[in-house]
Every structure is written in C-alpha cells, then in structure tokens.
Amino acid sequence: MEGNIAYHGAERIDSGVSFMKNIVFPYGIRFQEDSRMALFPAAEARIRGSRSSETLYGIFLIDSGATVSVLPAGDAELLGISLTKGIRTVVRGLGATDFFGYRHVITCLFEHVAIRLPVVFIDHPATLRILGREGLFEKYLIVFDELKHRTLFLNPKERTHINKLI
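Quick note: the sequence shown uses the numbering used here, first residue 1, plus one each step.
Just so you know, the hints here were simulated from the structure itself, not pulled from any lab data. It is possible that some hints are incorrect.
Stated by the list, open to error - BS3-like, lysine-lysine: derived pairs with alpha carbons at most 30 Å apart: (1) 21 x 139; (2) 157 x 139; (3) 148 x 21; (4) 164 x 148; (5) 157 x 21; (6) 164 x 21; (7) 85 x 139; (8) 164 x 139.
Whole structure, please, built from the sequences with the hints as guidance.
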C-alpha cells in the first residue's frame with residue numbers, strides 16, 4: 001500500500017497543556033484500482049521492536065473499529081522480532097474473516113513522543129498497517145476531522161474543552 005500513498009508531514013499544535021503534545025496528521029491519500037483518489041485517516045510514525053534498535057517508518061491507517069493494531073508479518077522481521085515467539089492470536093476482519101497472527105509489543109514514535117503498543121503481526125499479503133484502539137486511544141483523545149481531512153491526537157486533558165461543548 002505504501003507505494004501509492006502521498007503524505008505530508010504532521011503538524012504540531014502546542015496547547016500548553018501538560019507534557020503531552022497535541023499532534024495533527026493530515027489524511028493519507030491512496031489511488032484506487034479505478035484510478036480515483038481516496039482519503040483515509042492516517043498517522044505518520046516510526047516503530048521499533050522491544051529489543052531492537054531498528055526502526056521502520058510507516059503510514060498507518062487509524063481505525064477506531066479495530067481493537068488492536070495490526071502490522072504485516074514482514075515488518076516483524078525488519079524490526080528484528082521473532083514472529084512466532086509472540087502469542088498466537090486470531091484477528092477477525094471485515095466480513096467475519098479470521099486471520100491468525102502473533103501478538104507482540106512495539107514502541108511507536110509519533111514525532112518525539114514514544115508509546116508502547118500491542119500489535120498483531122499477520123502473515124497475509126493484503127495486510128495494512130493499522131493503528132487500533134488498544135494502547136493508543138486511552139493515551140490520546142482522538143478526533144477525526146472529516147471536513148478538514150485530518151486526525152487530531154490530543155492530550156487527554158483537552159477533554160474538558162469537549163465536555164463544555166456537549
């Protein structure tokens with residue numbers, strides 16, 4: 001998928017709230033088989049295995065419907081992770097399709113912020129790099145801004161502003 005994605009760097013919004021910075025990611029762009037352009041909520045990140053200094057740059061689809069983050073099995077090898085040493089896990093995809101994978105913990109770097117994320121590496125040729133809720137959505141307040149085609153990773157303390165609106 002990364003061969004057909006255009007992406008522009010993340011924009012940082014400093015709100016002065018705590019140490020966790022707000023980060024704004026523009027939507028990713030991909031070209032479909034019918035040559036039309038499609039936008040999707042995306043985040044630019046570097047990932048690192050728990051025992052490796054190897055890092056891998058990627059554009060990730062942000063999927064609020066995904067419980068756990070998913071990566072292609074080939075990424076595990078690039079990160080120096082022994083795939084089968086993880087916990088064998090079943091991931092249910094669209095259409096109730098089951099995929100088998102191996103659960104590991106990686107470090108994900110968004111700009112200069114590093115967080116530990118559980119991920120499942122799946123050995124399937126169509127596997128996308130997906131950021132799911134577990135390990136991410138409790139650390140950030142995630143806002144999908146469809147009108148401006150961007151995703152905001154906000155400091156959870158920003159919730160007070162949102163609560164005033166609701």
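In rising order, the numbers of the hints this structure does not comply with | none
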